[in-house]
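Listed here are the chains, written in short residue letters.
2 protein chains.
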Amino acid sequence: MFRILLGWRYAEETMAQIPRVVIVGGGFGGLSAARALGGAPVEVTLVDRRNHHVFQPLLYQVATALLSPGDIAAPIRWILRGYANVRVLMADVVRVDTAARQLVLADGGTLPYDYAIVAPGASHAYFGHDDWAAVAPGLKSLDDALDIRRRMLTAFEKAEGEADHDARDRLLTFVIVGGGPTGVELAGTLAEMARRTIREEFRNIVTSRTRIVLVDAGPTILPSFPEPLRKVARESLLRLGVEVVEGTSVSAIDPNGVQIGGQYLAAGTIVWAAGVAASPLAATLGVPLDRAGRAIVEPDLSLPGHPEVFVVGDAASFQQGGTALPGVAQVAMQGAAHAATMIRRRIAGQPTTTFRYRNYGSMAIVGRGSAIADFGWLRLTGFVAWLGWLFLHIAQLIGFRNRASVFLQWAGAYVTRQRSVRLITGRPRDIPAGSAQGGADAREEGAR
Amino acid sequence: MFRILLGWRYAEETMAQIPRVVIVGGGFGGLSAARALGGAPVEVTLVDRRNHHVFQPLLYQVATALLSPGDIAAPIRWILRGYANVRVLMADVVRVDTAARQLVLADGGTLPYDYAIVAPGASHAYFGHDDWAAVAPGLKSLDDALDIRRRMLTAFEKAEGEADHDARDRLLTFVIVGGGPTGVELAGTLAEMARRTIREEFRNIVTSRTRIVLVDAGPTILPSFPEPLRKVARESLLRLGVEVVEGTSVSAIDPNGVQIGGQYLAAGTIVWAAGVAASPLAATLGVPLDRAGRAIVEPDLSLPGHPEVFVVGDAASFQQGGTALPGVAQVAMQGAAHAATMIRRRIAGQPTTTFRYRNYGSMAIVGRGSAIADFGWLRLTGFVAWLGWLFLHIAQLIGFRNRASVFLQWAGAYVTRQRSVRLITGRPRDIPAGSAQGGADAREEGAR
Numbered sequence: 001m002f003r004i005l006l007g008w009r010y011a012e013e014t015m016a017q018i019p020r021v022v023i024v025g026g027g028f029g030g031l032s033a034a035r036a037l038g039g040a041p042v043e044v045t046l047v048d049r050r051n052h053h054v055f056q057p058l059l060y061q062v063a064t065a066l067l068s069p070g071d072i073a074a075p076i077r078w079i080l081r082g083y084a085n086v087r088v089l090m091a092d093v094v095r096v097d098t099a100a101r102q103l104v105l106a107d108g109g110t111l112p113y114d115y116a117i118v119a120p121g122a123s124h125a126y127f128g129h130d131d132w133a134a135v136a137p138g139l140k141s142l143d144d145a146l147d148i149r150r151r152m153l154t155a156f157e158k159a160e161g162e163a164d165h166d167a168r169d170r171l172l173t174f175v176i177v178g179g180g181p182t183g184v185e186l187a188g189t190l191a192e193m194a195r196r197t198i199r200e201e202f203r204n205i206v207t208s209r210t211r212i213v214l215v216d217a218g219p220t221i222l223p224s225f226p227e228p229l230r231k232v233a234r235e236s237l238l239r240l241g242v243e244v245v246e247g248t249s250v251s252a253i254d255p256n257g258v259q260i261g262g263q264y265l266a267a268g269t270i271v272w273a274a275g276v277a278a279s280p281l282a283a284t285l286g287v288p289l290d291r292a293g294r295a296i297v298e299p300d301l302s303l304p305g306h307p308e309v310f311v312v313g314d315a316a317s318f319q320q321g322g323t324a325l326p327g328v329a330q331v332a333m334q335g336a337a338h339a340a341t342m343i344r345r346r347i348a349g350q351p352t353t354t355f356r357y358r359n360y361g362s363m364a365i366v367g368r369g370s371a372i373a374d375f376g377w378l379r380l381t382g383f384v385a386w387l388g389w390l391f392l393h394i395a396q397l398i399g400f401r402n403r404a405s406v407f408l409q410w411a412g413a414y415v416t417r418q419r420s421v422r423l424i425t426g427r428p429r430d431i432p433a434g435s436a437q438g439g440a441d442a443r444e445e446g447a448r
Numbered sequence: 001m002f003r004i005l006l007g008w009r010y011a012e013e014t015m016a017q018i019p020r021v022v023i024v025g026g027g028f029g030g031l032s033a034a035r036a037l038g039g040a041p042v043e044v045t046l047v048d049r050r051n052h053h054v055f056q057p058l059l060y061q062v063a064t065a066l067l068s069p070g071d072i073a074a075p076i077r078w079i080l081r082g083y084a085n086v087r088v089l090m091a092d093v094v095r096v097d098t099a100a101r102q103l104v105l106a107d108g109g110t111l112p113y114d115y116a117i118v119a120p121g122a123s124h125a126y127f128g129h130d131d132w133a134a135v136a137p138g139l140k141s142l143d144d145a146l147d148i149r150r151r152m153l154t155a156f157e158k159a160e161g162e163a164d165h166d167a168r169d170r171l172l173t174f175v176i177v178g179g180g181p182t183g184v185e186l187a188g189t190l191a192e193m194a195r196r197t198i199r200e201e202f203r204n205i206v207t208s209r210t211r212i213v214l215v216d217a218g219p220t221i222l223p224s225f226p227e228p229l230r231k232v233a234r235e236s237l238l239r240l241g242v243e244v245v246e247g248t249s250v251s252a253i254d255p256n257g258v259q260i261g262g263q264y265l266a267a268g269t270i271v272w273a274a275g276v277a278a279s280p281l282a283a284t285l286g287v288p289l290d291r292a293g294r295a296i297v298e299p300d301l302s303l304p305g306h307p308e309v310f311v312v313g314d315a316a317s318f319q320q321g322g323t324a325l326p327g328v329a330q331v332a333m334q335g336a337a338h339a340a341t342m343i344r345r346r347i348a349g350q351p352t353t354t355f356r357y358r359n360y361g362s363m364a365i366v367g368r369g370s371a372i373a374d375f376g377w378l379r380l381t382g383f384v385a386w387l388g389w390l391f392l393h394i395a396q397l398i399g400f401r402n403r404a405s406v407f408l409q410w411a412g413a414y415v416t417r418q419r420s421v422r423l424i425t426g427r428p429r430d431i432p433a434g435s436a437q438g439g440a441d442a443r444e445e446g447a448r
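Top to bottom, those sequences are chains A and B.
So for the first sequence, our numbering puts the first residue at 1; every next one is plus one.
So for the second sequence, our numbering puts the first residue at 1; every next one is plus one.
Only chain A is shown next, with the shape it has when bound in the complex (with noise of 0.2 Å):
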């Protein structure tokens, strides 16, 4: 009652003899960090710039139309609701002060911590081309899903208004940049949608005839999957229709198109999934970075020098075998766990301990009823691998009341081939004015 009437800001300085935990991140580390305090003898707030925690394996299931945003994000206070030693706030951190011990915010205000554990993640890189964002949009968040749903969708609709012939090509031509699972899964669904779902809803352009191109600049498509599961993946994509060009870099972005290798294709919509970067809250820790931008940490995840700042997920940088962890959610959620349990020791004046990564193996989709699946002793492809990743991210939808209706979707969407949220929402972002996609862009925004 008293913490109520004055506010938490003032309240922090009479409940100082708990210890105070920060955690900067909702993703997987941060609520995975929150849920093992959970009960601790230990006040924590966690702080977030979003509302909501997003599933970020589904997203691009967002981003084609099969998910709406609700089915894969749920809201952070939500999820934690049950923790009574659990605070939520929304706000920006712009830096970890670790000598003041003190998060700074975006509107200048600070929260003061015993025990941080730092886990924003990381967002798209575009090595050194920040110009390329504003027409090769990443796929990061909700916001970014729906911007790229928004393009995707607004281009068949343009194209179908079309009457030159070059400009429809154009708009039907998609590039995905980046052969990640996040590439393969885009441009597997995309050509889904555009050879089944919605081919008969236009009269005047063939979607079946929509071009898919998938570029990597390294040697290979899923580069951390073994051959013989990439095999079945390029195949799987090529039936389905999209062109995968390997071992070829991108070497130019424009409004207009992409420069493939020494070749210019002319595309109406491109998106980004070749490269992440830590966030850039990890330079503000003070310690080295490896070359994705990521804290170099010690063996039990603090940082060297700040026993009491731990960096868990995307933003750490941890060696394991010889290299260092990639920056999956397993990985961030084994990492928070750790954390937590080495400031439950601290507290208890027990010393901490080494964090070990167990990898349970890795899986992708290609398209309806494709997958392949990497468990390590277990190699798994085609429709059974699909059925496993299926069951296996429902399952780990938890903490959300929207299991079953992602299932009831799923299943409606495999049975009619139908895609349920096919909505042109939004205001175009980032485009610039004048050039072909901004000025029909613009026309959605008219007023009428």
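These are computed hints drawn from the structure, not numbers from a lab.
Where hints are given, some of them may not hold.
[To be verified] List of simulated lysine to aspartate or glutamate pairs, DMTMM-like, C-alpha gap at most 25 Å:
#, chain 1, residue 1, chain 2, residue 2
1, A, K231, A, E243
2, A, K140, B, D143
3, B, K231, B, E246
4, B, K140, B, D254
5, A, K140, A, D92
6, B, K140, A, D143
Predicted, not measured: the structure shown is a model, and the values here were computed from it.
Place chain B on chain A using the hints.
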């Protein structure tokens, strides 16, 4: 095939022998017109600025985070995919050129017609105070609903992190201007959310103390309902803690609050549900308009002097029994069906007939398990009316695959009192920079 290669604008010329019908708008009127002309000996083109139809009576449920946009909207071309003689064009009509018999599009293109059904609907009207639009958004489109949802949810988030008592009170004050069904439904569901749904998720504010004020300049809320039903609605709102202010007009709105009669009320969120005006397209028709900007039409719904143009729905002014028909879905749908029949009759060389609207009744929902319904011969209140409202609205979601999903969401929300889609997405729009609201909203945007 020929049409596919040349694009429809050229194909248009070659098929001039078949009468060309254009329909402006994909709302209740436009869709009904297209369906009624499906299979008729005409070439139909439906033009809408958006790619989707919205089930407007449920928009307030998206604004209050009970339903997802995909639950109450569907792509227009998907709804009409089965009609081979109907095509859909996403474009912005800026003018109906009745002299040249063509639609003029925002991109400069034109669309010639032999018959036109103009059903562009209405938009919010601020009665000469267009500057209020930025602070007090109205509720007409999905984007409007997502904007209001973002503002409401952000207000609670900001209040949770606010130390200043007065600032917190302001953030927890919501003013809804306009006591028609939309205003009443918004106020009621917002009260439910604040007092029940999100209560246990906050640590520093008491959301059940949220102040919700519903203001109407007229002598009573819900003026189109009989007084006994209004009384029930008023009592339900009071029980939910909504302050109902009748007979008092709003004289000023700024980013910090509202001037209601002689009193200034500091408010963090203001929603405009007070008035609508016909689409500006009505003014391009070159005929006299009524005070709400609607085109005054002939008894057969055609335009004076232009028997080949019909205006239906919110953009038409039609007198029946001494009063103008209201701007509701039933009027638009019945009018559109009549216009379609008139076109069929004219093609068959038969005279047109007078339109006659049949009123099947009206309903409004007041809160969880409470509604009012007026069928003329029967009046219902409370849980029975609410059940009736529920089933009528679910039944009317015809042509959507969403019925099961909506029912599940509602059932889930009713049982658990949880809001499933409390996501803050998108960018704030039209908020004056530097205002109290703008400053903090901008935070949501900052890149991390």
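Hints, one by one, checked against the model:
1. For the proposed pair K231 of chain A and E243 of chain A, the alpha carbon gap of about 14 Å is at most 25 Å, so the pair holds.
2. Restraint check: the Cα-Cα separation between K140 of chain A and D143 of chain B comes to about 21 Å, which is no more than 25 Å; the hinted pair holds.
3. For the given pair, K231 of chain B sits about 13 Å from E246 of chain B by alpha-carbon distance, which is consistent with the 25 Å threshold.
4. For the suggested pair K140 of chain B and D254 of chain B, the alpha carbons sit about 21 Å apart, so the restraint of at most 25 Å is met.
5. Restraint check: the Cα-Cα separation between K140 of chain A and D92 of chain A comes to about 17 Å, which is no more than 25 Å; the hinted pair holds.
6. Only pairs whose Cα atoms come within 25 Å are accepted, and K140 of chain B paired with D143 of chain A is accepted, the gap being roughly 21 Å.
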